[in-house]
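Chains as they are written, first to last, in the working numbering: chain B, 1 to 188; chain V, 1 to 667; chain E, 1 to 110.
Think of the hints as simulated: they come from the structure by calculation, not from any bench. Incorrect hints may have been included.
Unchecked claim - Now the in silico label distances, taken between C-beta atoms and shown as ranges:
#  : chain 1 : residue 1 : chain 2 : residue 2 : range
1  : B       : 45        : V       : 657       : 48 to 54 Å
2  : B       : 129       : V       : 662       : 38 to 44 Å
3  : B       : 95        : V       : 622       : 39 to 45 Å
4  : E       : 105       : B       : 129       : 46 to 52 Å
5  : V       : 602       : E       : 106       : 27 to 33 Å
6  : V       : 644       : B       : 165       : 26 to 32 Å
7  : V       : 622       : B       : 14        : 17 to 23 Å
8  : B       : 76        : V       : 647       : 29 to 35 Å
9  : V       : 622       : B       : 157       : 49 to 55 Å
10 : V       : 605       : E       : 105       : 21 to 27 Å
As the list claims (entries may be wrong) - Selected chain B positions facing chain V (in silico; Cβ < 10 Å):
#  : residue
11 : 1
12 : 5
13 : 87
14 : 90
15 : 94
16 : 97
17 : 98
18 : 100
19 : 101
20 : 104
21 : 105
22 : 108
Glycine is no exception: its CB is placed at the ideal position from the N, C-alpha and C atoms.
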Amino acid sequence: MEAVIFFIFAATALVGALGVVLAKNPVHSALFLIITLVSVAIFFVLRDAPLLAAVQVIVYAGAIVVLFLFVIMLLGVDRSETLSDPLPFQRPIAILLGVFVVVEIVLLAGRTWSTGARSVRGEIGSTENNVETVARSLFTDFLWPFEITAGLLVIAVVGGVVLARRSGQRPGVSNAGKAELEQEETTS
Amino acid sequence: MDAQDILDYIWLVPAFPLFGSLVLFFFGKRIGEPLAGYFGSAMVGLSFLGSVVAFFALLDLPSEERAHVSTLFTWIPAGAFQVDVAAYVDPLAIAFLLFVTGVATLIHIYSIGYMHGDPGFARFFCFLNLFVFSMILLVVAGNFLLMFVGWEGVGLCSYLLVSFWFLRKKAALAGKKAFVTNRVGDFGFMLAMFLVVSELGTLEFGPALAGAETLAAGTATAIALLFFLGAVGKSAQIPLHVWLPDAMEGPTPVSALIHAATMVTAGVYLIARAHPFFLASGGAASTTVAWIGVATALLAGTVAIVQYDIKRVLAYSTVSQLGYMFLALGIGAYSSAVFFVICHAFYKGTLFLGAGSVIHGVEDHQDLRTMGRLRRFLPFTAVGFIVAWLAIAGMPPFSGFWAKDDVLAKAFYANDYALWIIGVAAAALTALYMTRETFLVFFGNQREEFDAAPEEPDPTESPTVDAWDPPVPTPLPHEPHESPPKMFIPILVLGSLAAVAGVLNLPFRSIEFLSDWLEPVFEGAPDLHANSFVEGALLSAVSVTVGLIGIFIGVSLYRRGLPEPGADPLPQRLGVVGRVLQHAYYFDEGIARLVDKPGRWVANWLAGPLDQGAIDGAVNGAGALVGKLAGGFRRVQTGFVRNYALVFILGTAVLLVVVALTSGAWQ
Amino acid sequence: MTGGASTAIVTITENYYLILAALLFGIGAVGLLVRRNVLVMFMCVELMLNGANLTFVTFADSLNDVGGQSVVFFTLVVAAAEVAIGLAIIVAIFRRRGGATADDLDLMKG
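Based on the sequences and whatever the hints tell you, model everything.
Structure representation (structure tokens):
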């Protein structure tokens with residue numbers, strides 16, 4: 001049973017990945033990405049990580065890809081690229097490298113890899129709720145990184161606002177407000 | 001206060017002229033003529049008094065203890081090697097000190113008159129004082145390095161004073177020539193010092209000279225010859241004599257003081273001081289010295305007989321007389337050499353001052369062919385000059401006879417008959433050329449007509465006469481006149497000293513004052529004495545006869561002066577040989593061709609291909625290479641993000657390989 | 001593939017997941033290097049991240065350790081933040097230049 005699901009969704013994941021890379025239209029790339037992400041979420045479920053599967057769908061597929069689509073629409077970067085690459089040797093070397101990396105991993109994957117310590121941070125096992133397990137781990141073993149990532153998110157928000165502002169614009173002034181200011185200056 | 005304490009004040013003797021020089025350097029212009037002259041002379045006079053005091057102090061000590069070292073301070077403390085600023089006062093030093101300061105004082109006074117009206121009056125006395133300081137330093141120094149400081153100092157002052165009238169191109173070139181030629185000799189001095197330090201570990205006279213006998217003969221010979229090279233440069237022996245005739249461009253007091261009485265005798269002093277090295281070298285070095293000395297004496301004498309410049313004759317004469325001094329040093333007759341130095345200082349000083357007086361009297365004309373019967377116009381000068389002439393020609397009872405005879409006789413006693421014969425021949429030449437000069441200047445024809453208006457002297461033209469110059473047309477443009485007393489009194493004083501100085505070292509055992517005085521210094525020197533009184537008397541008779549022959553030839557040729565300005569019988573009769581002599585054996589031309597040209601070629605090669613090409617090329621090349629390499633490498637930075645990403649992935653791949661290989665999961 | 005059988009045809013060991021994750025990673029890497037549209041390049045980066053996440057989860061399951069899943073959590077958060085900032089930067093750049101591919105940004109050229 002697991003094998004069937006695995007192979008089906010492995011196929012979809014790979015199709016989606018190839019689609020991201022090969023699609024001419026960036027909007028199509030984004031949609032293919034969603035296919036891949038959802039497939040990966042399925043895999044998470046198969047490997048006893050249901051919380052992560054849910055977070056993956058909500059955050060990745062639901063927020064990040066939507067953000068991509070927003071920007072694509074905003075900037076109108078849906079022109080297709082030319083076929084030939086201006087940078088010399090980039091394409092052949094890139095494909096070579098990719099193949100090489102994959103082959104390497106495939107070859108290595110035949111060996112026994114999981115030689116690490118078992119159950120250091122907490123067992124996943126089915127007796128406890130996965131959410132509880134993850135939450136316990138986050139708030140005890142990984143408390144420090146947790147707080148830092150919170151800070152990271154704040155920084156990201158602030159950075160995003162600052163970067164996206166048009167230059168010379170005072171914070172919080174809309175176009176209507178600007179017109180008002182100009183009126184004041186001419187009358188005073 | 002005993003003698004040792006008095007001798008500790010010896011540093012006052014060089015301090016006076018140094019002080020004088022400094023004061024004149026900063027305030028000379030303001031002090032002005034003639035006060036600057038009096039001040040300078042007074043400083044040197046005080047030095048002379050100091051020397052006299054030192055002499056008596058030394059006299060007070062028993063003869064074995066007459067070597068007083070007085071240290072001012074440690075100059076170079078370098079571990080095992082140390083050099084102090086110290087004075088070494090012994091009979092040799094005092095002997096030199098006395099006549100150097102004495103003659104210098106007289107010449108300073110003379111210069112007040114001679115340099116009257118010259119715009120550089122104060123500068124002259126500043127340099128002259130500086131020179132006396134350097135010479136004193138040279139003489140009283142307690143180690144070779146301090147002596148070398150004085151040695152260089154006199155060389156410097158010689159340069160400054162020879163090119164005193166530097167607007168004259170000839171003078172500037174002459175100064176440069178003097179300095180550079182000296183430098184060649186200085187090179188030898190320095191190498192000798194290095195050898196002494198490496199072999200004996202010290203440069204102080206006491207230990208170094210005492211240690212000389214412990215050296216291997218080869219080392220001692222090397223040191224001795226290198227010191228002699230320094231002396232050859234400083235005392236104008238062949239082949240480094242070429243600067244002295246040209247140095248006559250300087251004012252005559254300079255020629256008298258530096259190039260007759262004092263600086264050129266520094267070489268003699270050096271050899272006398274360093275004689276232990278010569279004695280330890282087993283004869284090789286000494287023989288070289290003697291032969292070069294006597295060869296110089298002869299060759300310079302042959303050149304002097306055909307020169308037309310009144311000072312140039314005296315210059316070659318000085319070179320020749322210095323040869324005698326080195327002959328004496330070479331055969332081991334060190335006190336004879338010192339005796340000769342002293343007498344030579346007196347009579348040559350007189351001759352030069354006299355020549356200066358003549359030049360002053362005929363308003364800067366120096367060509368012998370235009371002079372005649374000047375004894376009518378310059379009587380005092382003539383008297384001094386004639387006395388000195390007789391002295392240098394070796395006529396008894398004047399000092400020159402005793403001195404020259406002493407040297408020649410000692411050569412005979414040392415069984416160096418070849419040296420003796422050449423020396424006698426040179427004596428004949430000496431008598432000949434001095435007679436020629438004396439008669440051409442003071443006797444002979446009289447020019448009756450004189451032009452009343454003197455011409456304005458051109459500051460860039462020099463009055464020295466090369467032997468191949470055409471004669472100045474007669475008449476002399478101005479009536480000759482005697483010099484002021486400031487000038488002729490020193491001439492007369494020096495002349496009288498030239499007359500009586502023989503008494504210092506009469507060759508009779510009990511009254512050889514100078515030799516006895518110098519004996520503690522020259523222990524180990526060979527004792528050369530006549531086997532009998534008759535032998536000595538015969539040898540003296542020979543030298544007197546030879547001198548008389550020379551005088552006789554000279555008188556007969558020049559009794560009536562020259563028939564006409566260009567018709568000098570001596571060069572005419574010598575024909576081609578005469579011309580070679582007039583050009584001084586083409587020494588200058590030879591040096592120009594053999595040394596100057598290749599030297600310039602080497603210098604150009606070093607400056608061009610070597611320095612600019614190779615060295616600059618290497619340095620710039622290194623920079624260029626780095627630039628090129630960097631230029632090549634910078635092409636990695638394409639600026640394209642995708643290239644950078646490529647490199648990332650490449651790195652990842654490599655990392656994977658490394659991990660795989662080292663993880664041990666790989667079999 | 002035979003239908004209806006309740007037993008698996010092959011046992012899916014962790015290696016299968018690792019290979020799949022590697023493939024996702026590789027495809028994402030090649031896409032990053034080959035595409036010139038900045039946004040598609042970004043999406044390829046997301047692909048690579050997903051490959052890594054999958055690997056983490058696989059090992060968490062094999063080792064029975066929840067630490068792996070926590071790490072994926074953090075990866076997700078960081079990816080989200082990175083996307084936000086990255087897109088903001090791209091927007092800012094595109095505003096100035098009015099449209100560009102990755103190759104137009106070559107100010108770092110040495």
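Hints and how they fare:
no.: 1; hint: B:45 x V:657: 48 to 54 Å; in the structure: 34 Å, violated
no.: 2; hint: B:129 x V:662: 38 to 44 Å; in the structure: 40 Å, holds
no.: 3; hint: B:95 x V:622: 39 to 45 Å; in the structure: 42 Å, holds
no.: 4; hint: E:105 x B:129: 46 to 52 Å; in the structure: 47 Å, holds
no.: 5; hint: V:602 x E:106: 27 to 33 Å; in the structure: 56 Å, violated
no.: 6; hint: V:644 x B:165: 26 to 32 Å; in the structure: 28 Å, holds
no.: 7; hint: V:622 x B:14: 17 to 23 Å; in the structure: 56 Å, violated
no.: 8; hint: B:76 x V:647: 29 to 35 Å; in the structure: 31 Å, holds
no.: 9; hint: V:622 x B:157: 49 to 55 Å; in the structure: 54 Å, holds
no.: 10; hint: V:605 x E:105: 21 to 27 Å; in the structure: 57 Å, violated
no.: 11; hint: 1; in the structure: 31 Å, violated
no.: 12; hint: 5; in the structure: 29 Å, violated
no.: 13; hint: 87; in the structure: 6 Å, holds
no.: 14; hint: 90; in the structure: 6 Å, holds
no.: 15; hint: 94; in the structure: 6 Å, holds
no.: 16; hint: 97; in the structure: 5 Å, holds
no.: 17; hint: 98; in the structure: 8 Å, holds
no.: 18; hint: 100; in the structure: 6 Å, holds
no.: 19; hint: 101; in the structure: 5 Å, holds
no.: 20; hint: 104; in the structure: 5 Å, holds
no.: 21; hint: 105; in the structure: 7 Å, holds
no.: 22; hint: 108; in the structure: 6 Å, holds
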